[in-house]
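Student: Each chain, written out:
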Amino acid sequence: MNLSLLILFPVLTAIAILFCKGLKQVRMVALFGAALQMVLTATLLFSYWAERSSGNKEQMLFQFGHTWFAPLNIEYYVGVDGISVAMILLTSFVVISGILVSWKMETLSKEFFFLLLLLSAGAYGFFISLDLFTMFFFLEVAVIPKFLLIGIWGSGKKEYSAMKLALMLMGGSALVFVGLLGVYFNSNAGSGVHTFDLLKLSQMHIPVEAQRIFFPLTFVGFGIFGALFPFHTWVPDGHSSAPTAASMFLAGISMKLGGYGCLRVATYLMPEAAHEYSTIIIILASIAILYGAFATMMQTDLKYINAYSSVSHCGFVLLGIGMLTKTAMTGAVMQMVSHGLMTALFFAAIGMVYDRTHTRMVAQLGGLLKIMPFISTVFFIAGLCSLGLPGFSGFVAEMTVFMGSWQHAELFYRIATIAACASIVVTAVYILRAIGRSIMGPVTDDHHLKLGDANWNEKVAAVILIAGIVAIGIAPFWLNDLISPGAEVIMNKVLSIR
Amino acid sequence: MNEIFTLMKHELSLTLILFILLFLKLGKETWKAESTLGFISLLLLLNFLFGFVMNGTGSLFGDMFHTNATIAFEKNILNFGAFIISLQAFSWLKDHKHLPEFYMLMVSTLIGMFFMISSGNLLMFYLGLELSTIPLAALSNFDLLKRQSSEAAMKMILSSAFSSGILLFGISMMYGTTGTVSFSELPQHLDGSALQVFAFILLFTGFAFKMSVVPFHFWTADVYEGSPASVTSYLSVISKGAVIFVFVTVLYTVFKPMAEMWYHVLFLASVLTMVIGNLFAIRQNNLKRFLAFSSIAQVGFILIGISGSSQTGMASVIYFILIYVFSNLGAFGVVALVSALTGKENVNDYKGFYKTNPLLSWVLTISLFSLAGIPPTAGFFGKLFLLTAGAGKGNYLLITIAALNMIVSLYYYLRIVKAMFMDANEQPIEKLIIPFLPKIALFICVAGMIALGFVSDLYNYIYSLSFGM
Chain A
1 MNLSLLILFP VLTAIAILFC KGLKQVRMVA LFGAALQMVL TATLLFSYWA ERSSGNKEQM
61 LFQFGHTWFA PLNIEYYVGV DGISVAMILL TSFVVISGIL VSWKMETLSK EFFFLLLLLS
121 AGAYGFFISL DLFTMFFFLE VAVIPKFLLI GIWGSGKKEY SAMKLALMLM GGSALVFVGL
181 LGVYFNSNAG SGVHTFDLLK LSQMHIPVEA QRIFFPLTFV GFGIFGALFP FHTWVPDGHS
241 SAPTAASMFL AGISMKLGGY GCLRVATYLM PEAAHEYSTI IIILASIAIL YGAFATMMQT
301 DLKYINAYSS VSHCGFVLLG IGMLTKTAMT GAVMQMVSHG LMTALFFAAI GMVYDRTHTR
361 MVAQLGGLLK IMPFISTVFF IAGLCSLGLP GFSGFVAEMT VFMGSWQHAE LFYRIATIAA
421 CASIVVTAVY ILRAIGRSIM GPVTDDHHLK LGDANWNEKV AAVILIAGIV AIGIAPFWLN
481 DLISPGAEVI MNKVLSIR
Chain B
1001 MNEIFTLMKH ELSLTLILFI LLFLKLGKET WKAESTLGFI SLLLLLNFLF GFVMNGTGSL
1061 FGDMFHTNAT IAFEKNILNF GAFIISLQAF SWLKDHKHLP EFYMLMVSTL IGMFFMISSG
1121 NLLMFYLGLE LSTIPLAALS NFDLLKRQSS EAAMKMILSS AFSSGILLFG ISMMYGTTGT
1181 VSFSELPQHL DGSALQVFAF ILLFTGFAFK MSVVPFHFWT ADVYEGSPAS VTSYLSVISK
1241 GAVIFVFVTV LYTVFKPMAE MWYHVLFLAS VLTMVIGNLF AIRQNNLKRF LAFSSIAQVG
1301 FILIGISGSS QTGMASVIYF ILIYVFSNLG AFGVVALVSA LTGKENVNDY KGFYKTNPLL
1361 SWVLTISLFS LAGIPPTAGF FGKLFLLTAG AGKGNYLLIT IAALNMIVSL YYYLRIVKAM
1421 FMDANEQPIE KLIIPFLPKI ALFICVAGMI ALGFVSDLYN YIYSLSFGM
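Chains as they are written, first to last, in our numbering: chain A, 1 to 498; chain B, 1001 to 1469.
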């Protein structure tokens, strides 16, 4: 399995789009490219399983390295473990459904799909990189398309949101870069040959004093992507102004880049500092979970509801990482996948409602179930998954995080866990209220009676995402088996220094 | 005799062009402007290509002039920039009545810069610097009917004279304390005495004026705004690049014994330059002025790379300037074209630009992204390597300040992108027809910005040419 294809395919599709004429050609090419990505990730999953079941115990599979900038020891170096495979799967699900829901993107369609595919190339590249410089390169590739996507095709105060998002995320990546340089120059201290190689770095020991400086930089930098409190403020504005597909990409993929980076780079390479700072991470994550949940209660705009609830849900990811137990960490990755699918579905449903009714205000909606049963059902499923109903992925993931957190017996961890658990009640309140108001009850606006239900493309998009959610919800073991060996390697490194 | 031809071939080939232009001007035949411009661009292209063959290493005239592979490469970069600028100047110059003179002046400043880069002696360096500066002032005045242009030239000549004075004062102090002006002998006589530090500061000031390092940057914005766009791009890329090349070499070789001292000077200068350049750039509405301040901020980043004082440091500086040639000329190319065809230079005029001129908008966007250091453009690699080189010293405070400055700079670059793509405008700039030669120039710039980062062999080659301390 050649991992570079994962980057090559989206890039080639994007280039092919530049030569297309008219919306019809463009979207067919984009859909074809996204389907290819999906086939490719499925192949990756199966060949990964085949390798593992044939007894390949290597930490990273399908490795490929090519020297890029020899004097600086920068390599293009890729490889995957279970965690990366899970994230890659998530990406391909979100990409194809994102393209399907933008089927009627009339304005500047060529540019729109081009940017979406560029973004997906950045995300794939990030998840497969084993060289910190390459990883950083792809992280930034995934930032700027979002500025254009929101600024050009967005709604509301789009320019403000686009600028805020771009600057905050670039701020995050600037901190990450300083952190990475710190790691680089502290690798192989003395011998003079520094390295960006993640695997080699994980075998080395970075001096604790250096970790104390560079861990917070790296963690906060990635944390900004993952909506770490108090740097989450780009999330509500960015999500609510973005066009549907961009919201899906943003919440479904981009925020996961942050969680993955916190896990793979910050925690894995700087374990001592991870221990020392874990209290602060847990406190911030708990605040984000509770604050996000309560802030959602106050929202009246559906997109804002989902955006603030994303802050709350992504708090679970950081909580799971901060807890530093294997189960919690597995839960964190599961939560990333689960939240990615769920929130993409949610935004897709909101987008479908908005396209028809031209409003996202809960108060102006009502009785949608009678008018557009399919869309309302999708909306309902997304809501149930968000509030953690058993049978959907949200339950599995959050439960795993709680289980992992409960392994710590100290009072502090208990309080944090209980606080996080308590947020589920709040989640239930706002989700049920939003759903009850908007899709049940009498039809508030007579104009809505004329509106139609979902088109085929929207149906396919929703079914793909729901399939993912249910597959995790009903049979979580495959995802758990995929993730936990990867999480175990990271945890062994973290625990070994105790 | 033979040696002179191989070692000075860059200078000699430019001199040849100068003479050809002179005959062209004096000859009875009056050519059409288009064909003259095409012919001159062809000459400059040949000159650029000729720069790659038959390069020698050695010194002439008692070590006054020396050259090697590194210097030849630096000269090639500048030759290339001059070629691109000559292509871009097409729409502006084709109706200008003093067309050949523009190129005569440009080529003579280039010769001056080459002498400066090759100098092995403080006096030779000064000679080259002056040879390059005085024609530049004349170039600034080349929009003969615009008052702003004459004002720019006046400011340029006065501030240059002032900085030359300081530089000469520094040189004489240096001579007074060491008894020599030769680059090869100076290091042995430097002991870091107070007078020598003072002399160094004066020399640094001279350099700082040319590189527009804060607080010696005041002339930059006015001169850039007033000069014709092609001259501005020449000033910001070629003339700045040449001085930086010399500056690196001089710091790493001649002032090596005083490294401890100049590191602090560089630290302070780079922080000031980045911060002030960025803060002023935010508020600019004239695009040329805006690019002037952004180029000031870029120099701040270059100083970080230089402060790394290692082989990586020098390599990153040369690499960055190479990329900067592509990025800045890409940006200036569009601005110059629009300015020449419509006379519009303000950010507000660019609102809705994408609707009418999608191609030019993308070129400008990619250039701005490259200047801001956003992948996959080459600027990303250039800027990050500068920071990497700087971080080698272990001064992470400086790197953090620089990284935060990158965010500020991103804001103002994105402002232009926002104006082009997102803002509505009742009367956007009409659809422009891009002439052939500028089109080639823009194409080369974009191709360079996209490809250079991935062609790592080039960086490896530059690294092999560089040296540290």
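Hints are supplied without guarantee of correctness; some may be wrong.
[To be verified] Think about it this way: if two alpha-carbon atoms lie no more than 20 Å apart in a straight line, the pair counts; the simulated EDC-like pairs of lysine to aspartate or glutamate are:
(1) A:K104 to A:E488
(2) B:K1355 to A:E58
(3) A:K157 to B:D1423
(4) B:K1094 to B:E1029
(5) A:K493 to A:E106
(6) A:K493 to A:D355
(7) B:K1393 to A:E272
(8) A:K157 to A:E410
(9) A:K104 to A:E272
(10) A:K157 to A:E58
(11) A:K370 to A:E272
(12) A:K164 to B:E1029
Derived from the structure by calculation, the hints contain no laboratory data.
Student: Return the numbers of the hints above that this structure violates; sort them in rising order.
Tutor: 1, 2, 5, 6, 7, 8, 9, 10, 11 and 12
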